[in-house]
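Number of protein chains: 2
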Amino acid sequence: MKIITTVKEMQTEAEKLRRRGKIIGLVPTMGYLHEGHLSLIRIARKKADVVVISIFVNPTQFGPNEDLDKYPRDIKRDEKLASETGVDIIFYPSNEEMYPERYLTYVTVEKITETLCGTSRPGHFRGVTTICAKLFNIVKPHFAVFGEKDYQQAAVIKQMLRDLNLDMKIITGTIVREADGLAISSRNAHLSPEERQDALVLNRSLKFAEEMIQNGEKRAEAIIKTVKKMIEEKKSTRVDYVSVVDPDTLASLEKIEDKALIALAVFVGDTRLIDNRIVKV
Amino acid sequence: MKIITTVKEMQTEAEKLRRRGKIIGLVPTMGYLHEGHLSLIRIARKKADVVVISIFVNPTQFGPNEDLDKYPRDIKRDEKLASETGVDIIFYPSNEEMYPERYLTYVTVEKITETLCGTSRPGHFRGVTTICAKLFNIVKPHFAVFGEKDYQQAAVIKQMLRDLNLDMKIITGTIVREADGLAISSRNAHLSPEERQDALVLNRSLKFAEEMIQNGEKRAEAIIKTVKKMIEEKKSTRVDYVSVVDPDTLASLEKIEDKALIALAVFVGDTRLIDNRIVKV
Chain A
1 MKIITTVKEM
11 QTEAEKLRRR
21 GKIIGLVPTM
31 GYLHEGHLSL
41 IRIARKKADV
51 VVISIFVNPT
61 QFGPNEDLDK
71 YPRDIKRDEK
81 LASETGVDII
91 FYPSNEEMYP
101 ERYLTYVTVE
111 KITETLCGTS
121 RPGHFRGVTT
131 ICAKLFNIVK
141 PHFAVFGEKD
151 YQQAAVIKQM
161 LRDLNLDMKI
171 ITGTIVREAD
181 GLAISSRNAH
191 LSPEERQDAL
201 VLNRSLKFAE
211 EMIQNGEKRA
221 EAIIKTVKKM
231 IEEKKSTRVD
241 YVSVVDPDTL
251 ASLEKIEDKA
261 LIALAVFVGD
271 TRLIDNRIVK
281 V
Chain B
1 MKIITTVKEM
11 QTEAEKLRRR
21 GKIIGLVPTM
31 GYLHEGHLSL
41 IRIARKKADV
51 VVISIFVNPT
61 QFGPNEDLDK
71 YPRDIKRDEK
81 LASETGVDII
91 FYPSNEEMYP
101 ERYLTYVTVE
111 KITETLCGTS
121 RPGHFRGVTT
131 ICAKLFNIVK
141 PHFAVFGEKD
151 YQQAAVIKQM
161 LRDLNLDMKI
171 ITGTIVREAD
181 GLAISSRNAH
191 LSPEERQDAL
201 VLNRSLKFAE
211 EMIQNGEKRA
221 EAIIKTVKKM
231 IEEKKSTRVD
241 YVSVVDPDTL
251 ASLEKIEDKA
261 LIALAVFVGD
271 TRLIDNRIVK
281 V
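First to last, the protein sequences are chains A and B. Per the numbering used here, the first sequence starts with residue 1, numbered consecutively. Per the numbering used here, the second sequence starts with residue 1, numbered consecutively.
Extracted from the complex, chain A is given alone in its bound form:
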């Protein structure tokens, strides 16, 4: 496994691989790898000749009061896990390499970035689309793999690809959960034992919402109300949002006709967690 830290070396390597007809698969990560990332790497491993993961805690997708500084990092452990899972190249650049002095360019996707996490994290998706555009130009992958836990992120990246005519595919991997149902996230490391227990309500309330819909409830408002109530009964939780949207356009739904995305973000203590579920009637 190679570790590459400069844009120039990564581009030279990528160009060489492409010239040889190799299929490059990229899994962009912020490091502190967990089973969720590893599941995405395994997807890439099946489809690519060369699997690249990027490890970069991207400052432009964090707001001024968010958890950039305390975002967990452990590159040695990441290297070991990546190597064991069959990664060929880790692209691990510095902040200065990615955002040199006089950095001025941003990629923005309108509308679908203005709901869900976009509402409570202004500028977040501009940071995500910008860093992904950069990573795609650096690693030159034939496809990139994103997790469905960040459902909106994957949708926004797909829109960017289509609009900017990036000649590559996005593949998504399903949410990986702990045995008790909590969606795996690097941020789970911040939870106290009590918070960890309270956090189970995210997945449970989504499951309950699915049952409501399958039992005939079609009104988004009723579902949102129930999910919020379930979450707020826990001691350490505070709802950021609970939304029922169209899985393609991310526009709010009033009535659930055939399918819906139920997405939520919840502060558990100081830690903001997200989860979602696609429900088909």
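Hints are computed from structural coordinates only; laboratory data are not their basis. Hints should not be assumed to be uniformly reliable.
One copy or two, either will do: identical chains are not told apart, so a pair holds if it fits within one copy or between any two.
When the alpha-carbon atoms are kept at most 35 Å apart in a straight line, the in silico DSBU-like pairs for lysine-lysine are as follows [what the hints assert, rightly or not]:
1) K8 with K280
2) K8 with K259
3) K111 with K70
4) K169 with K2
5) K22 with K80
6) K8 with K46
7) K140 with K16
8) K259 with K111
9) K225 with K70
10) K228 with K158
11) K255 with K158
12) K169 with K16
13) K2 with K70
Here the structure is a predicted model, which is why all the values come from computation and not from measurement.
Given the coordinates of chain A, assemble chain B onto it according to the supplied hints.
Chain B only, in chain A's frame:
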């Protein structure tokens, strides 16, 4: 010479050429080719195995009150000129091909787009960077050639390349002028004989400014004042801006130390023309 109208076909062709090790040079144009474009095509011809020009009057770089509808078009003539100048491929997409329904993504370069033409044409450079990002992803060139008449445009594109890590080069071609000094532009076609005569003041005033500087004038304000006065003496002219800026950062200069870009935009009748000159002390 091939004419390609779809993104998919162009990308397939570009990928095939790159796999064979061919160097692709792109000259992006809005068509109605003139000697300025042809000079850029000749530069590309010298350095590339395959010369691609794009012809696309890009709606997103025109403001609501600008001349999108009356922008001159003549594809048959363009095909003939391109073929004679050694173009291998014309990429000639429709509006729907480039901006399909639910188009939502834009590339923005900050700061250096906020002076000169950016001030009088809000949104213009967002349109330029967005279409160029798209064209670069579609044609996959090793380099693209831009004219120095749109000095700011070339500077903005270079900044975008650097920031988004696009693995290609920008080459610029010097301004091509008519025998009497008028910078060649597709928009010159709109000038009446009297306006055509008045338009000579653009180049003449820039030349005069250069002489002032070479004769010891260092104050940008004095130069701007003189140039404006020369232009406003003509009957059909109205100054949009006259600026003296740093050629690298495009920041306004008060004093000219070693080199400066003098750039101007002038309405001659209803036609907005631009011109510029780099002056070294």
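Evaluated hints:
In this homomeric assembly, K8 and K280 come within 35 Å of each other (Cα to Cα) only across copies, at 33 Å, whereas the closest approach inside a single copy is 46 Å. Proximity of K8 to K259 under the C-alpha cut-off of 35 Å is restricted to the inter-copy arrangement: shortest distance 31 Å between copies versus 45 Å within a copy. Taking the shortest alpha-carbon separations for K111 and K70, both the intra-copy value of 30 Å and the inter-copy value of 31 Å come in at or below 35 Å. Proximity of K169 and K2 under a CA criterion of 35 Å is satisfied in both settings, with 24 Å inside one chain copy and 27 Å between copies.
In this assembly of identical chains, the alpha carbons of K22 and K80 lie at most 35 Å apart only when taken from the same copy (24 Å versus 39 Å across copies). For a Cα distance limit of 35 Å, the shortest separation of K8 from K46 qualifies both inside one copy, at 27 Å, and across copies, at 26 Å. For the identical chains of this complex, K140 and K16 are neighbours both inside a copy (11 Å) and across copies (16 Å), given an alpha-carbon limit of 35 Å. For the homomeric pair K259 and K111, the shortest alpha-carbon distance inside one copy (20 Å) is at most 35 Å, but the shortest distance between copies (44 Å) is not.
For the homomeric pair K225 and K70, the shortest alpha-carbon distance inside one copy (33 Å) is at most 35 Å, but the shortest distance between copies (55 Å) is not. Only within a single protomer do K228 and K158 lie at most 35 Å apart by alpha-carbon distance; the minimum there is 29 Å, versus 49 Å between protomers. For a Cα distance limit of 35 Å, the shortest separation of K255 from K158 inside one copy, 26 Å, qualifies, whereas the shortest one across copies, 48 Å, does not. For the homomeric pair K169 and K16, the shortest alpha-carbon distances inside one copy (20 Å) and between copies (18 Å) are both at most 35 Å.
Within a single copy, K2 and K70 get their C-alpha atoms as close as 27 Å, which meets the 35 Å cut-off; across copies the closest is 55 Å, which misses it.
Violated hints: none; the structure is consistent with every hint.
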